[in-house]
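Chemist: As a plain string of letters, each chain reads:
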Amino acid sequence: MVQLDFAAVLADWPLLLRGAALTLALTAVAAVLGVGAGIACARARTHGPPAVRALAAGYVELVRNTPFIVQLFFIYFGLPSLGLRLSSETASIIAMTLNLGAYAAEIVRAGIDATPPGQLEAARSLAMTERQVFLRVVLPPSLGRVWPAMVSQVVIVMLGSAVCGQIAAQELSYSASLIMSRNFRSFEANFVAAGLYLAMAVLLRQALAWAGPRWLFGRIAPTGR
Amino acid sequence: MIEFSVWQILGNLLLAARWTVALSLLAFVGGGLVGLSLLVTRLRGWPGAATAVSAYVHVFQGTPLLIQLFLAYFGLGLFGIDVSPWVAAGGALTLYASAYLAEIWRGCVQAVPRGQWEAADSLALNFGEKLRHVIAPQALRIAVAPTVGFLVQVIKGTALASIIGFVELTKTGTMITNATFRPFTVYACVALMYFALCWPVSAFSRRLERSMRRDH
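From first to last, the protein sequence lines stand for chains A and B.
With our numbering applied, the first sequence covers 1 to 225.
With our numbering applied, the second sequence covers 1001 to 1216.
Worth flagging that the hints you see were computed from the coordinates, not collected in a lab.
For glycine and all other residues, C-beta sits at the position ideal for the given N, C-alpha and C.
Keep in mind that a hint or two might mislead.
What the hints assert, rightly or not - Just the calculated beta-carbon pair ranges, DEER-fashion:
1) A:Leu55 with B:Ala1124: 57 to 63 Å
2) B:Leu1125 with A:Leu126: 56 to 62 Å
3) B:Pro1200 with A:Ser125: 41 to 47 Å
Using the sequences and the hints, build the whole thing.
Modeler: Laid out in structure tokens, this is it:
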């Protein structure tokens, strides 16, 4: 007979809450930096000189074709031998940012590629500089077009951050591991963690779907009066 | 500390890569079978089936694969089953893959125009015949590229099996690191191995996608 004891796990709720908070914090920082890196990389791949294009493509392919856990271990365990010692939280943020950046680059690029040529011509005929064309005409609607895919990717990175517990970043899965080492309720601890991750995924998805149109690619405020 | 040359490291990792490939294939094929039955259940239109399948997909897409692996590992243990890493990792990855594949393929089936279903109905085909002769041939053409693309996801996912003690590429990398104290070289080699496995699959999927777009 299987006896489950969830009370033993839930008694440690402050630990779970702290873990969930760190997971969200890591995700928030990585999301901002990663989407920024993705936009820069997408611009490099569409507008940059050939060498920069190749470099950006190499980065994207390298990250997309290796597992996140290996990237994380390489940064956390491998880089110190080059004299770069990182805390587990910093290493987690760097790995998550690099990871999200590569996927975001491909997502943003798809949006940029779908820009109607007429809009570019119209912008250039207004004597906008290339930089203005990109930031004001190309980028906002491109982000709008691909926002659902971007939101999914950020959620995937948040779920992927469970691995950061393996380098002792004290996020949610680490809390679960800590609880199971205390009371040996391994299944229950992970079950509760899974429930929390699921709730966080739903909330994050809704928050981003709400925030995107308002702050990132909504109507650009008119500059004239 | 043990001295390993880079060639010895690569040789050992290459041997370990067999298990990454084997686990990936197991999860991909198993996930394909379960995913297909989920999809068919959904298409059947039984009451509640669509809700149940979509809840299943949401749960697996909304929780970390790592936690799913832990749940499989410790959950089977609760029933007194002696859990080998093969069973836990194979089982969890199969369910994980099935949720994603069911969702990918649902999109492909939806891309088949409604008129095709109606035409099949008007020919008095039963459910199995409709799927086999009308819907599947058209949906399959659309499904090939994203399905091959998802294989990359599965290969990368198997790296997490290392945490529950499945000795594959990543676990072997960790073990060699512990013996040699050369994490930089070893994890770089591990990453290269994964790249060598995944990149051809990604490139193949992209080529399929391009040729599909050309045909239309």
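Chemist: Next step is simple, just say for each hint if it's right about the structure.
Modeler: Hint-by-hint comparison with the structure:
Take Leu55 of chain A and Ala1124 of chain B: their Cβ atoms lie about 60 Å apart, and the range 57 to 63 Å holds. Distance hint check: the CB atoms of Leu1125 of chain B and Leu126 of chain A are about 58 Å apart, consistent with the given range 56 to 62 Å. The supplied range of 41 to 47 Å is met by Pro1200 of chain B and Ser125 of chain A, whose beta-carbon atoms lie about 45 Å from each other.
In this structure, every one of the numbered hints holds.
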